[in-house]
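Number of protein chains: 2
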Amino acid sequence: MPIIVSLDERSYPIYISPQSLHRTGELLIDIGGKGKVLIVSNPVIFRHYGEIVFTALITLGFEVQTCILPAGERYKNLKTIERIYQHCAQYRLERRSTIIALGGGVIGDMAGFAAATWLRGINFVQIPTTLLAMVDAAIGGKTGVNHAQGKNLIGAFYQPKAVVIDPNVLQTLPVREYRSGMAEVIKYGVIWEPELFNLLESQPQLSQYRYLATQDLEKILYFSCQTKATIVSQDEREGGIRALLNYGHTIGHAIETVTQYRYYTHGEAVALGMIAAGDIAVQLGWWSKDEQSRQKQLIANVKLPIQLKPDIDLEAIKLALNWDKKVVQGAVRFILPKKIGQAAMTDQVPPDVIHQALICLIAQ
Amino acid sequence: MPIIVSLDERSYPIYISPQSLHRTGELLIDIGGKGKVLIVSNPVIFRHYGEIVFTALITLGFEVQTCILPAGERYKNLKTIERIYQHCAQYRLERRSTIIALGGGVIGDMAGFAAATWLRGINFVQIPTTLLAMVDAAIGGKTGVNHAQGKNLIGAFYQPKAVVIDPNVLQTLPVREYRSGMAEVIKYGVIWEPELFNLLESQPQLSQYRYLATQDLEKILYFSCQTKATIVSQDEREGGIRALLNYGHTIGHAIETVTQYRYYTHGEAVALGMIAAGDIAVQLGWWSKDEQSRQKQLIANVKLPIQLKPDIDLEAIKLALNWDKKVVQGAVRFILPKKIGQAAMTDQVPPDVIHQALICLIAQ
Ligand SMILES: NC(=O)c1ccc[n+]([C@@H]2O[C@H](COP(=O)([O-])OP(=O)(O)OC[C@H]3O[C@@H](n4cnc5c(N)ncnc54)[C@H](O)[C@@H]3O)[C@@H](O)[C@H]2O)c1
Ligand SMILES: NC(=O)c1ccc[n+]([C@@H]2O[C@H](COP(=O)([O-])OP(=O)(O)OC[C@H]3O[C@@H](n4cnc5c(N)ncnc54)[C@H](O)[C@@H]3O)[C@@H](O)[C@H]2O)c1
Ligand SMILES: [Zn+2]
Ligand SMILES: [Zn+2]
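Residue numbers (full-length UniProt numbering), protein chains in the order written: chain S, 1 to 364; chain C, 1 to 364.
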């Protein structure tokens, strides 16, 4: 049974199962797809999985074309979107045609934006191939690209018609990408799903895909996608509860900014951000020391960083936090855990508490 | 009392009143606007009305910036959208900031698309300055730009927060633009609103703005906007009844295509398309000859064309119709009148009936 993202007439299923890549054709038929399909991917991913998806569609009578974009976050911009539009135009995609994103969050965000805006919206299907895309980017309808001035400044809310997850594709994912995705998985455990947290804790090793039993990995994906689906179903456009997903991201973003998105991956920064947020929660008396050290243990087990590199400028991080603050014209907002499986928002964290959490993040 | 476009939480008012331009500030406050405002316009329109709007906003405490784009349909493309994004970035527009479109359909479609996609959607207000934009383009949430391959291929559905119509601005509108807008007004009379049709018929002269009494013009705007609002409220994304708005547009588009959007304005082509559609309806026994000639009389009164220029290639028009048909993979679709104030869709028009209608459009 697929997980359902419930959004009235925009509801859609998330299929999680090994070999689902081979069933792309059936699944597309199930959701009413027909005619033309444009697969958007990058050279690495397409080399691994392109043929499987292509064949699965062709054999069921779809008219399949491909659009292979250069790999990398630095190509996530409007110029690359124009390349997708060129393909849409050339193959004369129609309202009822489908764009399939076969790739990580970068491909998914771009293909989704193109699907949202070609003919004011055509069918869109996500086949996420990174752990992060599976549990996060592919679910919830945020699409878009970067602008010279900042990340994801241009975009649209546009829900896919389906998300197709084949856990097997993770076997070729670079280990650092896998670990980054695990940061978001841990996040779901802390803010929402204690069963997921327990499942993660019960694993002897978490730091590589191959250490996980197939069934456990599927359960982890299931809990994670279910959590994101539930939250998005309750708050499609980020007016309320969806803010919980920013757990670990306040300080995480500041770290990414200060290190210019170069030193840490997103997941690594989020891991550090979660440790800092946990520390703040402990200082404020929201959270127990014990649960904070369980969180830290889990992060360490994944081999995600638990300390900031020592040469980092704490003042720069605080400045970056305040820049964010200026943008929302208010105080810095944090999502803080109360117990495993529950978190809440506050903008009442005293500066010295933030300072202390940052100090601990370096020193200890 | 404003007209309301009813779309649940996306509902919005259409204000029609002389001098409403001067009240832009109050109206923006009414709909919860605050902080930064970016006015998007073109040099001609901004010269006439920019200062009024600018001052109205500044005096009420808004932080106002402007983005003046080159005039003309040929600039309605992604490159120009990037210019708007540059302004959004430079002035650091926030989620709750507002983009105001001050202009005709070209400005409205572009500013709307930028508002739809900057930060995945910020506030948007339409101040239409052409008759066409007032009664059509500014209402209903279609935004977008052209692509080398075709018109309006890139876009989004994105509703404004308000539409502010000041009939006085029409006094500077070139007469040909005014008449083009009147084609859509007549369309509403034929497909939906008999009172509008009667009101138009009761005017001794229709061919210039200055012939209309202020009150009659306001009523004409009111009926027209009300019609579009009602239809859009029932069918936001063009799955059903909104197709009625294509009355006159099937053959109208074919005429525009064949004459490469150069010889006729959109409204002129639609006027010819309505006459042809009316003729088809008469041939099929859907409509009375008498009402068809009343429609033709009205079109003539506006000084819109009632015959095709003689050197046009009928076969090319039929080809253009069939290209459209290939795109929707079916027969050519027509909206045909049944009586004044009522129309319906059909894809059952025999080719010879179309042929006959086109012959009549040239010869008569
Ligand atoms: N839309 C959302 O809600 C949302 C949420 C989070 C992140 N994002 C976006 O997602 C992007 C990051 O996504 P990501 O972490 O998936 O990175 P990514 O898409 O850049 O992929 C990471 C790398 O892994 C490679 N790769 C992907 N799948 C592979 C596989 N199965 N085997 C081998 N190599 C593979 C890719 O080629 C790439 O080099 C960012 O742009 C971020 O803004 C979006
Ligand atoms: N979004 C929709 O639902 C929708 C519907 C219909 C048409 N459109 C689009 O609208 C566009 C056509 O719009 P339009 O007919 O308003 O043309 P336009 O926006 O090009 O304006 C026509 C001309 O009039 C000038 N002008 C505008 N207002 C003026 C004023 N008050 N005084 C003096 N000059 C003025 C403009 O500078 C321009 O040169 C097309 O791109 C079409 O695709 C959109
Ligand atoms: Zn994240
Ligand atoms: Zn029209």
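To be clear, the hints were calculated from the coordinates, so they are not data collected in a lab. One or more of the hints may lead you astray.
Any copy, or any two copies together, can satisfy a pair, since identical chains are not distinguished.
Listed below are the simulated DMTMM-like cross-link pairs for lysine to aspartate or glutamate, each with C-alpha atoms no more than 20 Å apart in a straight line [unchecked claim]:
{"#": "1", "residue 1": "K151", "residue 2": "E94"}
{"#": "2", "residue 1": "K339", "residue 2": "E218"}
{"#": "3", "residue 1": "K289", "residue 2": "D311"}
{"#": "4", "residue 1": "K296", "residue 2": "E26"}
{"#": "5", "residue 1": "K289", "residue 2": "E236"}
{"#": "6", "residue 1": "K151", "residue 2": "E82"}
{"#": "7", "residue 1": "K339", "residue 2": "D290"}
{"#": "8", "residue 1": "K296", "residue 2": "D347"}
{"#": "9", "residue 1": "K303", "residue 2": "D352"}
{"#": "10", "residue 1": "K309", "residue 2": "E291"}
{"#": "11", "residue 1": "K338", "residue 2": "E201"}
{"#": "12", "residue 1": "K296", "residue 2": "E63"}
{"#": "13", "residue 1": "K289", "residue 2": "D8"}
{"#": "14", "residue 1": "K219", "residue 2": "E82"}
{"#": "15", "residue 1": "K151", "residue 2": "E218"}
{"#": "16", "residue 1": "K34", "residue 2": "E82"}
{"#": "17", "residue 1": "K219", "residue 2": "E236"}
{"#": "18", "residue 1": "K318", "residue 2": "E201"}
{"#": "19", "residue 1": "K289", "residue 2": "D30"}
Taking the hints in turn, this is what the structure says about them:
1. K151 <-> E94: Answer is between; shortest inter-copy Cα gap is 14 Å, intra-copy 30 Å.
2. K339 <-> E218: Neither. Shortest intra-copy (25 Å) and inter-copy (61 Å) distances fail the 20 Å Cα cut-off.
3. K289 <-> D311: This pair counts as neither: shortest intra-copy Cα distance 27 Å, inter-copy 86 Å.
4. K296 <-> E26: Classified as neither: same-chain Cα gap 42 Å, cross-chain 53 Å, threshold 20 Å.
5. K289 <-> E236: neither (34 Å within a copy, 52 Å between copies)
6. K151 <-> E82: Answer is both; intra-copy 18 Å and inter-copy 15 Å each pass.
7. K339 <-> D290: within (10 Å within a copy, 77 Å between copies)
8. K296 <-> D347: neither (24 Å within a copy, 65 Å between copies)
9. K303 <-> D352: For K303 and D352, neither the intra-copy (29 Å) nor the inter-copy (74 Å) Cα distance is at most 20 Å.
10. K309 <-> E291: Neither: 24 Å inside a chain and 81 Å across chains, both beyond 20 Å.
11. K338 <-> E201: within (19 Å within a copy, 71 Å between copies)
12. K296 <-> E63: Neither: 49 Å inside a chain and 45 Å across chains, both beyond 20 Å.
13. K289 <-> D8: neither (41 Å within a copy, 46 Å between copies)
14. K219 <-> E82: neither (38 Å within a copy, 43 Å between copies)
15. K151 <-> E218: neither (31 Å within a copy, 46 Å between copies)
16. K34 <-> E82: neither (24 Å within a copy, 34 Å between copies)
17. K219 <-> E236: neither (25 Å within a copy, 39 Å between copies)
18. K318 <-> E201: So K318 and E201 fail the 20 Å test inside a copy (32 Å) and across (69 Å) alike.
19. K289 <-> D30: For K289 and D30, neither the intra-copy (48 Å) nor the inter-copy (49 Å) Cα distance is at most 20 Å.
The structure fails hints 2, 3, 4, 5, 8, 9, 10, 12, 13, 14, 15, 16, 17, 18 and 19 (numbered hints given earlier, in ascending order).
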